[in-house]
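Here is how the chains run, residue by residue.
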Amino acid sequence: MKRRYLGVLLLLPLTWVLHLQLETSLAVTEQWQLLMTRELSSFADFQFFYSSLPRAVIALLVGAALGLAGSLLQQLLQNPLVSPMTLGASSGAWLGLLVMTLVWPAAAAAYGTWGAFAGALASSLLVGLIAGREGLSGLPVVLAGMAVNLLLGALATALILLNDQYARNLFIWGAGNLAQSDWSQVQALATRLLILPLILLLALRPLALMRLGQTAAQARGLNLLPVFALIFLAALWLTASSVMAVGLIGFIGLLTPNLVRLLGCRRAGEELLFSVLLGAWLLLITDALAIFFSQQLPNLVPSGAATALIGAPALIWLVRKRMQMSSGGHYTLPGRELQLPLYRLLLLLGVLLVCVVISLMLAPSEQGWVFAWPQDLVLSLRWPRLVAALAAGGILAVAGVLLQRLIRNPLASPDIMGLSAGATLALVVSVIFLGGSLRDYGPQVAFIGCLLVMFLLLLLGRRHQYAPGILALMGIALAAVLDAVIQFTLARGGDEVRQLLGWLSGSTYRIQGQDALWMLAGGLVIGLLTWVGRRSLVLITIGDAFALARGLNINLARVSLLLLVALSTALVTALMGPVAFVGLLAPHLASLLGARQLHQQLLVGALAGAAILIFSDWLGRVLLYPQQLPAGLIASVLGGSYFIWLLTRRRLT
Amino acid sequence: MSSAWSWIKVYLLAACLLLPVTVQAQVSVTDSLGTHEFAERPERIVALNWAVTENLVELGVAPVAIADVEGYRTWVVQPQLPQGIADVGLRDEPNIERLASLQPDVIIIGTQQLGLKDKLEQVAPVLYFDNYRADHSNPEAVEGTFRELARLLDREDLAEQKLAERDRRLQELATQLQGHFPEGLPEVAVIRFTDVNHVRVYGRNSLVLAAMQALGLEAALPQPVTTWGQTQKTLTELVAVDDGILLYIQPFAQEDRLAQHPLWQRFPFVQQDRIGSLPPVWTYGGPLSIQYLGEALATTLLERDW
Numbered sequence: 076m077k078r079r080y081l082g083v084l085l086l087l088p089l090t091w092v093l094h095l096q097l098e099t100s101l102a103v104t105e106q107w108q109l110l111m112t113r114e115l116s117s118f119a120d121f122q123f124f125y126s127s128l129p130r131a132v133i134a135l136l137v138g139a140a141l142g143l144a145g146s147l148l149q150q151l152l153q154n155p156l157v158s159p160m161t162l163g164a165s166s167g168a169w170l171g172l173l174v175m176t177l178v179w180p181a182a183a184a185a186y187g188t189w190g191a192f193a194g195a196l197a198s199s200l201l202v203g204l205i206a207g208r209e210g211l212s213g214l215p216v217v218l219a220g221m222a223v224n225l226l227l228g229a230l231a232t233a234l235i236l237l238n239d240q241y242a243r244n245l246f247i248w249g250a251g252n253l254a255q256s257d258w259s260q261v262q263a264l265a266t267r268l269l270i271l272p273l274i275l276l277l278a279l280r281p282l283a284l285m286r287l288g289q290t291a292a293q294a295r296g297l298n299l300l301p302v303f304a305l306i307f308l309a310a311l312w313l314t315a316s317s318v319m320a321v322g323l324i325g326f327i328g329l330l331t332p333n334l335v336r337l338l339g340c341r342r343a344g345e346e347l348l349f350s351v352l353l354g355a356w357l358l359l360i361t362d363a364l365a366i367f368f369s370q371q372l373p374n375l376v377p378s379g380a381a382t383a384l385i386g387a388p389a390l391i392w393l394v395r396k397r398m399q400m401s402s403g404g405h406y407t408l409p410g411r412e413l414q415l416p417l418y419r420l421l422l423l424l425g426v427l428l429v430c431v432v433i434s435l436m437l438a439p440s441e442q443g444w445v446f447a448w449p450q451d452l453v454l455s456l457r458w459p460r461l462v463a464a465l466a467a468g469g470i471l472a473v474a475g476v477l478l479q480r481l482i483r484n485p486l487a488s489p490d491i492m493g494l495s496a497g498a499t500l501a502l503v504v505s506v507i508f509l510g511g512s513l514r515d516y517g518p519q520v521a522f523i524g525c526l527l528v529m530f531l532l533l534l535l536g537r538r539h540q541y542a543p544g545i546l547a548l549m550g551i552a553l554a555a556v557l558d559a560v561i562q563f564t565l566a567r568g569g570d571e572v573r574q575l576l577g578w579l580s581g582s583t584y585r586i587q588g589q590d591a592l593w594m595l596a597g598g599l600v601i602g603l604l605t606w607v608g609r610r611s612l613v614l615i616t617i618g619d620a621f622a623l624a625r626g627l628n629i630n631l632a633r634v635s636l637l638l639l640v641a642l643s644t645a646l647v648t649a650l651m652g653p654v655a656f657v658g659l660l661a662p663h664l665a666s667l668l669g670a671r672q673l674h675q676q677l678l679v680g681a682l683a684g685a686a687i688l689i690f691s692d693w694l695g696r697v698l699l700y701p702q703q704l705p706a707g708l709i710a711s712v713l714g715g716s717y718f719i720w721l722l723t724r725r726r727l728t
Numbered sequence: 197m198s199s200a201w202s203w204i205k206v207y208l209l210a211a212c213l214l215l216p217v218t219v220q221a222q223v224s225v226t227d228s229l230g231t232h233e234f235a236e237r238p239e240r241i242v243a244l245n246w247a248v249t250e251n252l253v254e255l256g257v258a259p260v261a262i263a264d265v266e267g268y269r270t271w272v273v274q275p276q277l278p279q280g281i282a283d284v285g286l287r288d289e290p291n292i293e294r295l296a297s298l299q300p301d302v303i304i305i306g307t308q309q310l311g312l313k314d315k316l317e318q319v320a321p322v323l324y325f326d327n328y329r330a331d332h333s334n335p336e337a338v339e340g341t342f343r344e345l346a347r348l349l350d351r352e353d354l355a356e357q358k359l360a361e362r363d364r365r366l367q368e369l370a371t372q373l374q375g376h377f378p379e380g381l382p383e384v385a386v387i388r389f390t391d392v393n394h395v396r397v398y399g400r401n402s403l404v405l406a407a408m409q410a411l412g413l414e415a416a417l418p419q420p421v422t423t424w425g426q427t428q429k430t431l432t433e434l435v436a437v438d439d440g441i442l443l444y445i446q447p448f449a450q451e452d453r454l455a456q457h458p459l460w461q462r463f464p465f466v467q468q469d470r471i472g473s474l475p476p477v478w479t480y481g482g483p484l485s486i487q488y489l490g491e492a493l494a495t496t497l498l499e500r501d502w
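Chains as they are written, first to last, in this note's numbering: chain B, 76 to 728; chain E, 197 to 502.
These aren't lab readings, by the way, just hints derived from the structure by calculation.
Check each hint, because a few of them may be wrong.
Chain B regions said to be covered by chain E (calculated; three or more residues, Cβ under 8 Å) [said to hold, decoys possible]:
#: 1; segment: 438-445
#: 2; segment: 449-460
#: 3; segment: 579-586
#: 4; segment: 690-702
A virtual CB, placed ideally from N, CA and C, is assigned to each residue, including glycine.
Taking the hints into account, I'd like the entire structure generated from these sequences.
So this is what it looks like as C-alpha cells:
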C-alpha cells in the first residue's frame, strides 16, 4: 500500500513538470522564477503562464474529475464496465452542449454546463431505463449505453452536417481539446469542481456499505434511493463540467477505477482517492503524448483521439485480464405475443408496399408536393436508392437475428458489436492513408475490416466462450478507435472529410443501380445461407449443452454463422456506410409482432427492416428539401427513439 | 411541280443558313478527365462548387443553380452572386432530383463531387475540374480551368481581359505598397481562425501566397506545399510571425472572445498593433480570387502606417 502512494505521489508531479516542458522555450529555473514572482515580460513568459501552465492544470483537473466520476459510478452500480462514456453520459453532455452552441450561441458560454448536464442526465436516465434495475450491474447497461451513444452520435452528426462550414470548427473541440490560452476555463472548471472534496467525504460511507450488497446496506440503515441519486448526479456533474471545458475525453473514466483495483485498492475511500490521482496522471501523460505528436506530425493530434487510441487497447487488455463472464444465460425474446396471425403478416406487407409507393411517387418539388409516377430520369435516380434501402434493411435484420441468437443477447447487433465500425475503419483508413475516394474501395476492403474484427472477437472471445460481454466491449473499443481516427482526420480540416461524414451516417445517396442490384443479390444469397444454417442456429439458441447433445459441432456452427454476419455487415457497410439500429430493432419488431420461431423472425424481421430503411430514406429526402439527410441517420433517430420508447414503456408498466 | 421546287429551295436555303451555325456552335472543352465535345454551346449550367460558380459569374454567365447559395454569400462573397439562382442543397450531397428538374445542359463539379459523377451524368454531361492538388501548382491550375470555362462559354476574350486586368491591378497595388513602405515591404502571415486556440495558416500552393507574391509580400510564417495550401496550427505557434504582420480572414464568430484573452494580447503583433482582418474572401476559388485576395491584402495594408 505504501509503495502505491509513493509511486503516484512521485509520478504525478514528475509527469506534470514534463508536460510543462513540451511547449515552452523557458528553462525550468526560469519557469520556477516566473511562478514565484509572476513578473511576465517576454512573450515566452506569457506563453508559459497563459498556455502551458493552464493546459497542464486543466489536464489534471479533467483527469481527476473523470477518474472520480468513473469510480463513483462503478462503485455505485457495482459494475466495472460503467463510466461516463459507457453510460452515454458523455455523449449526452456533448450533444446538449452542441445544441446550445448552435441554437443559442450567446448563452452557451455562460450556461453551457447546464446544457451539458441536462444532456448527460437525460441520456444516462435513458440508459438506466433501458437496462432496467437488474441490468445496471451487468452487461445490459453497457449495451444500452452503446445504443444510446449511437443514437446521440447520429444526432450530433446531423447537426454538424447541416451546419456545414461553421460547424466544422466544432470538430477539434469534439475530439477533446485541451489547448488553453488563458485561465478562464481553468477557473470555471475549478469552481464547478469545488464540490469534489465534498463528494469524496459524503460518498465514502454509503459506498463502503454498498460493497456489502444492497440488502446489507439497507439493513445498516442506509436509505438507498436519495444517496444513490445524489452520488449519481454528482458523477454526472463532473462529467458535464469536463465536457464543457475540453469536449469529449473517453476511457479515462472507464479505465482508471479498473487500474486502481488492479493496483490493489480494496476499500471504497481508497479507490475514490486513488482514482482521482490516477485519472489526473493518465490524462496528463496522454495529453503530453498528444502535444508531442502534434509537434512531430504536420497535423494536430486531438487529445481526445489520443486517449481513445491508448484507451481502447488498454480496455481490451484489462478485460482479458480481469473479467470473468459466463457464456451462460439464455435468449429471451421480447414481447408477449406468442403467435403470428396471418393478418399481421399481411399488414406488415401492406406497410412495406406503402413505403415503396411513397418512396417512388411522393416528393416535394418547386411547385409543392407531387404524387405521380416519376419520369424515366427521376425513376432512374430513385429506384437504386429504394432497392438499396430494401436490401440493406433486410440484410441487417437477418444479421441482427443471427447475432442476437448466437450470443443469446437481445441487445446485440452488428453495430453494437463493432462489426460496422471495423468495416468503416478499414475503409476510412484506406482513404486516409492510400488516398482516393471511398468508391475506389469496395466491399472487399470492408469485408477485410469485418473479418479482422470477427477474428479479434473470436480470438479474444475463445477464452470466455464467446461471452457477450467480451464482444460488446470489443465493439466499444473499436468504435472508439474509429472515432479517434475520424476525428484526427476531421481536425486536419480538408474538404474530403465531409464526404466521409455523409457516408459515415449510412446513406443511399451515392448508390448506383448496379450496386443496388448487387446488394439485392447478396441479400438473397445471405438469406439462402441462413436457411441452410437454421437448424444449428435453433440448437445454439436453446443452449450449448442441448446443441452438443444433439451432435452439433458447436464451434464450427458458431464460427460459420458469425462469418455470415460479418459478410452481411460488410456488404451493407461497403455500399451504404454504417447503418445503426436496424439490425437491433428489426428482430425486436418481429418478435413483438409474434414472430417467435426462427424462420418467422427472419422473414418478418427482414420485411420490417426493409420498411424502416425505405421510409427513413424517403423521409431524409423530403424533410429538409432541397437538402437531404442520410437514411442511416434518420433510421438511427427513428429506430433509436422507438426502441427507447418501447423499452421504457415495458419497464414502467 | 414548281411549288415543290420552291419548297426544296426553301429547305436548301434553310439548310445553308443553319449549317454554318451548327458547325460554329460545336465546342470542345478539356477538363481533368479529357476532352469533351458539345454539339451546342451549353446555356443552362449548374455549378456544384464555389470556385466554378465564381468563374461563371466572372465570365458574366449566371448559373441556373449552385450548391449552398447562403454559404456562398457568407464565405465567398466576391464576385456577387446574381439573384434568382436556384439552390440544390449542400455541396457534398446536392439534390440530384431537383437538379434534374432544372434540365441543365452541363453540370460542373470539383473533387468534392467526384464520387457523384456517374449519377450526375444521367442528368446532363459533367465537367470535372481537379483544381487543388499537392502535386501541381494550384494558382496555375485554377487559371487553366478559368480559360477552359471561357472556351466553353465563348468568352475567351473576356477571360483574357479579366486576367490581364487582374495582373495590371495587382501590379498597380504592388507599386502603391512600395510607396507606402519605402523601407521595404513587411512580412505577412495570412490565417483563418478555426476557434480561439487553432488557426489555418496559408502557405505554399495557396491562392493567398500567389496574391502575396504578386504584391511582392514575403511570408512571415512559411508553410510547406499541401493540397489546399493550408496547415493547421495551434494559436501559440503564431509567435513565429515575429516582426511580421498577421492578417486573419473574416468571418470569425469568436473575435470578441479572442480579444479578451491575456495571451492573445501579449503576442508581439498584437502589442505592436501589427494585426488586421481581411474582409470575407474565398481562399479556394478561381484565378480572380487571387485579385480579391490581393485587393483585400493591399487595402488593409495601405489603410494605415504599420
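Tested hints:
1. With 3 residues having a Cβ less than 8 Å from any Cβ of chain E, the segment 438-445 of chain B passes the three-residue criterion, so the hint holds.
2. Only residues whose beta carbon comes within less than 8 Å of a beta carbon in chain E count, and the segment 449-460 of chain B has 5; three or more means the coverage holds.
3. Check result for the segment 579-586 of chain B against chain E: holds, 3 residues qualifying (beta carbon to beta carbon below 8 Å, three or more required).
4. Closer than 8 Å: that is the beta-carbon criterion, and the segment 690-702 of chain B has 4 residues meeting it against chain E, so the requirement of 3 holds.
Against the hints set out earlier in the document, no violation occurs for any number.
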